[in-house]
Amino acid sequence: MLELGPLLSRAFQALQSWVILHGVPPLAAWILAKAIQVGVLVLLVSLVPMVLVYAERKVAGFMQARLGPMNVGPYGIFQTLADGVKLIFKEDIIPVGSDRLMHIMAPMVVVSPVFVCFAPVPFGKGLIPIDLDISVLFIFAISGISTIGVLMAGWGSGNKFSMLGGLRGAAQLVSYEIPRVLSVVPVLMVYGTLSLKSIAMGQVGLWHGFLPKWFIFYPFIGQLAFVIFLIASVAETNRTPFDIPEAESELVAGFHTEFSGLKFALLFLAEYAYVFLSSAMAVALFFGGGDGFTLGGWIPSWFWFLGKTFAIVFLFLWFRWTFPRLRVDQLMQFCWKFLLPWSIVNVGLTGLMILLRK
Amino acid sequence: MIGKVIRSVKITLPNPIGTTNPLMANSTSLPTIAPEVFPQQAPANGMFISLGPQHPSTHGVLRVAITTDGEVVTSAQPDIGYLHRATEKLAEKRTYPQIIVLTDRLDYLAAMTNNWSYCLAVEKLLGVAIPERADYLRIIVGELQRIASHCVFLGTYGIDIGAFTPFLIAFGRERERIIDLFEEICGARLTYNYIRIGGVMADSPDGWETKVSKFVKEMYGRIDEYDTLLTYNPIFMDRTKNVGKMSQEMAVAWGITGPNLRATGFKADVRKDDPYGLFSKMKFDIPVGKQGDCWERYWVRIQEMRESLKIIEQALAAMQPGETMGKIPKTFRVPAGEGYGHLEAPRGDLGFYIVSDSSPSPYRMHIRAPSFINLQVLQVLLKDWKVSDVIAILGSIDIVLGEVDR
Chain W
1 MLELGPLLSR
11 AFQALQSWVI
21 LHGVPPLAAW
31 ILAKAIQVGV
41 LVLLVSLVPM
51 VLVYAERKVA
61 GFMQARLGPM
71 NVGPYGIFQT
81 LADGVKLIFK
91 EDIIPVGSDR
101 LMHIMAPMVV
111 VSPVFVCFAP
121 VPFGKGLIPI
131 DLDISVLFIF
141 AISGISTIGV
151 LMAGWGSGNK
161 FSMLGGLRGA
171 AQLVSYEIPR
181 VLSVVPVLMV
191 YGTLSLKSIA
201 MGQVGLWHGF
211 LPKWFIFYPF
221 IGQLAFVIFL
231 IASVAETNRT
241 PFDIPEAESE
251 LVAGFHTEFS
261 GLKFALLFLA
271 EYAYVFLSSA
281 MAVALFFGGG
291 DGFTLGGWIP
301 SWFWFLGKTF
311 AIVFLFLWFR
321 WTFPRLRVDQ
331 LMQFCWKFLL
341 PWSIVNVGLT
351 GLMILLRK
Chain F
1 MIGKVIRSVK
11 ITLPNPIGTT
21 NPLMANSTSL
31 PTIAPEVFPQ
41 QAPANGMFIS
51 LGPQHPSTHG
61 VLRVAITTDG
71 EVVTSAQPDI
81 GYLHRATEKL
91 AEKRTYPQII
101 VLTDRLDYLA
111 AMTNNWSYCL
121 AVEKLLGVAI
131 PERADYLRII
141 VGELQRIASH
151 CVFLGTYGID
161 IGAFTPFLIA
171 FGRERERIID
181 LFEEICGARL
191 TYNYIRIGGV
201 MADSPDGWET
211 KVSKFVKEMY
221 GRIDEYDTLL
231 TYNPIFMDRT
241 KNVGKMSQEM
251 AVAWGITGPN
261 LRATGFKADV
271 RKDDPYGLFS
281 KMKFDIPVGK
291 QGDCWERYWV
301 RIQEMRESLK
311 IIEQALAAMQ
321 PGETMGKIPK
331 TFRVPAGEGY
341 GHLEAPRGDL
351 GFYIVSDSSP
361 SPYRMHIRAP
371 SFINLQVLQV
381 LLKDWKVSDV
391 IAILGSIDIV
401 LGEVDR
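Going down the list, the sequences are from chains W and F.
Read in this note's numbering, the first sequence has 158 at position 158, and its numbers run on one by one without any break.
Read in this note's numbering, the second sequence has 329 at position 329, and its numbers run on one by one without any break.
No lab work stands behind these hints, which were simulated from the structure alone.
Treat the hints with caution; some may be incorrect.
Derived SDA-like pairs (lysine to any residue); straight-line CA-CA distance at most 20 Å [what the hints assert, rightly or not]:
#1 W/Lys160 / F/Glu71
#2 F/Lys211 / F/Gly172
#3 F/Lys386 / W/Ala253
#4 F/Lys386 / W/Ala170
#5 W/Lys160 / F/Gly52
#6 F/Lys386 / W/Gln333
#7 W/Lys160 / F/Thr68
#8 W/Lys160 / F/Lys386
#9 W/Lys160 / F/Thr67
#10 F/Lys272 / F/His342
In this text, all values refer to a predicted model and were calculated from it rather than measured experimentally.
For reference, chain W alone in the conformation it holds in the complex:
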């Protein structure tokens, strides 16, 4: 009843046929429909960080025995909007010693892959912008481009702290990519597909009538894969306890020290969009996507998907406000000596399980 997917697809069908009736060639009509979809997606993805920033500030406030933003709007809900307006009107400073082109390009390189990454995410029944066969691989590959942006931001600022931050960031992102990808391999092995939609569809249903068929409920391998994925995702999004590239107490603000105004806002947007993307991926891979009880159709799948995603986003926020920060070498040790071996073990265990099943 409240499912948005069929409704939207019917609306787009109607739009297309209406345009074609008025003499537009079918291909152009299709492109128009897709353009509108892309516009909606980009708009939503840019709005999500605003919600997350507000959520983060509120969560931080409650964890720290204070209230968080309270003044702009009821309970401060327009605080991020006000901050956004402020950032837009701020002076855009390019430092004298900086590499101008790098400095200007860096936020764009960081932020543009995020929007592309959301294309194959199954937000609910029929709510998938493009159903790619290789969507998992696609997201990993495209999000890796942001690493270059981090490096460019660090180098282009002409600041030692920024450069250290950029180098640390690049090393960290490249290292944690490996256990992150390997932690997803068991999921791909079990469901035999790289498409996020098919993986999420494969997890619909119940075991023995009460336990959801989500991947996280596979004994041992499910939990291990999720924990590794979560830790690696936190590292990929540069958040505490892995926020070494922007370690505030050491590197001032790391690679985004020298950015102001809209450029800073873009870097910020990228961080939160990646948090949301990682959570959405975790939901599609481990928590059955939009699966959940529907109460006779009154709880739509997109609601379940977003609910689960925000629950995992909360984990990210929780980590940030409770953990201290690791040191660079400890971070690398943790990745190579702990996460990587265990993710490989997990792949082996999954193979064994699949063999035994046969």
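Assemble chain F onto chain W, guided by the hints.
Here is chain F on its own, set in the frame of chain W:
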């Protein structure tokens, strides 16, 4: 008119790296600057980083000039003086009671103990007797001040390591309550001017003691909360254990005092070794560490908070109603001579050395500032650690720049 008064002064600042400054090279009238602090050229292999004075984790306006090889520190030189206010010189032009307000501004996180230390020195010169109640009140506010100061240390150290929440818990919740208590007893929240020569400014208001004992009871639980939040957090321990080790010999050689010395296992506390006030009557332990690393410097302070709570409880129990000010005339001259008063401030052995020539103001006042002396060890302590460890070590020494620069 104004344009004529303000002459155009061209200030040429020394450039930290690369270009040589002609002013610096030729002029002999300029003060000599240690070559490590403003190097004329970048080190042959590695990088020169000027950490501060506007860096977020230098705790005020400290600048540490470090050269690194990759992320490893090859040399470090603290550069101080950005907050110099000539307190010692100012004291020579003021009467004795007027100097107390100056001492407030030294270690602004522990103004009570500053007042107390100065008053100890003057009282020694005067030979005046302190009423018992005043002495107990001094102990209570002094130990509350130690807790408040350590709360700030705990919070800022958490931020140095990357944990934000302990700061707002310890700084915003517990220290705030102590400051409220201080506000009630003396009207000020940061610069108290409460402990006066011969006693204290005022008796405690009605119900203040109950509030203090209530706070003390709750504080035990709060400290346990800090333990779960930060002290025994595995990441925090990873960052601070075995980092920035200081041997006992090194600590003694550099004149380190306070928690930093005790963390090395050296049992030294002015409250026990040279008891002042009524501390000889108090029962408390001196927590000591084993190897003097960052974590133990932190841990010693946490344990000290517990001991301070015990002292406050004893003082509250023993305190009787009575006078709070000794027999001191409104204006007085201090007999000629020398007086030295020192006590265990939150950051170490804080001493005031006063030479009097029986005029209304001291002939000379010298402050033995523990932060200033503890800071000096950084040049050897920071060597061979990573840049991230520099922050951890710097934070664990716990300096207050108001006291370092005076």
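Verification of the supplied hints:
At roughly 12 Å between alpha-carbon atoms, lysine 160 of chain W and glutamate 71 of chain F fall within 20 Å of each other, so this suggested pair holds. Taking the CA atoms of lysine 211 of chain F and glycine 172 of chain F, the gap is about 18 Å. The hint holds against a cut of 20 Å. Between lysine 386 of chain F and alanine 253 of chain W the alpha-carbon distance is near 18 Å, which keeps this suggested pair within the 20 Å criterion. Pair hint lysine 386 of chain F plus alanine 170 of chain W holds up; C-alpha atoms about 19 Å apart against a cutoff of 20 Å.
Simply put, lysine 160 of chain W and glycine 52 of chain F have alpha-carbon atoms about 13 Å apart, close enough for the 20 Å limit, and the pair holds. Annotation: proposed proximity of lysine 386 of chain F to glutamine 333 of chain W holds, straight-line Cα distance about 15 Å (limit 20 Å). In summary, the hint linking lysine 160 of chain W to threonine 68 of chain F is supported, as the alpha carbons are separated by about 12 Å, within the 20 Å threshold. For a cut-off of 20 Å, the pair hint linking lysine 160 of chain W to lysine 386 of chain F stands: about 15 Å separates their Cα positions.
About 12 Å separates the Cα atoms of lysine 160 of chain W and threonine 67 of chain F, which keeps this hinted pair within 20 Å; it holds. Note on lysine 272 of chain F and histidine 342 of chain F: the hinted pairing holds, with a Cα-Cα distance of about 12 Å set against a maximum of 20 Å.
Checked against the numbered hints given earlier, the structure satisfies every one of them.
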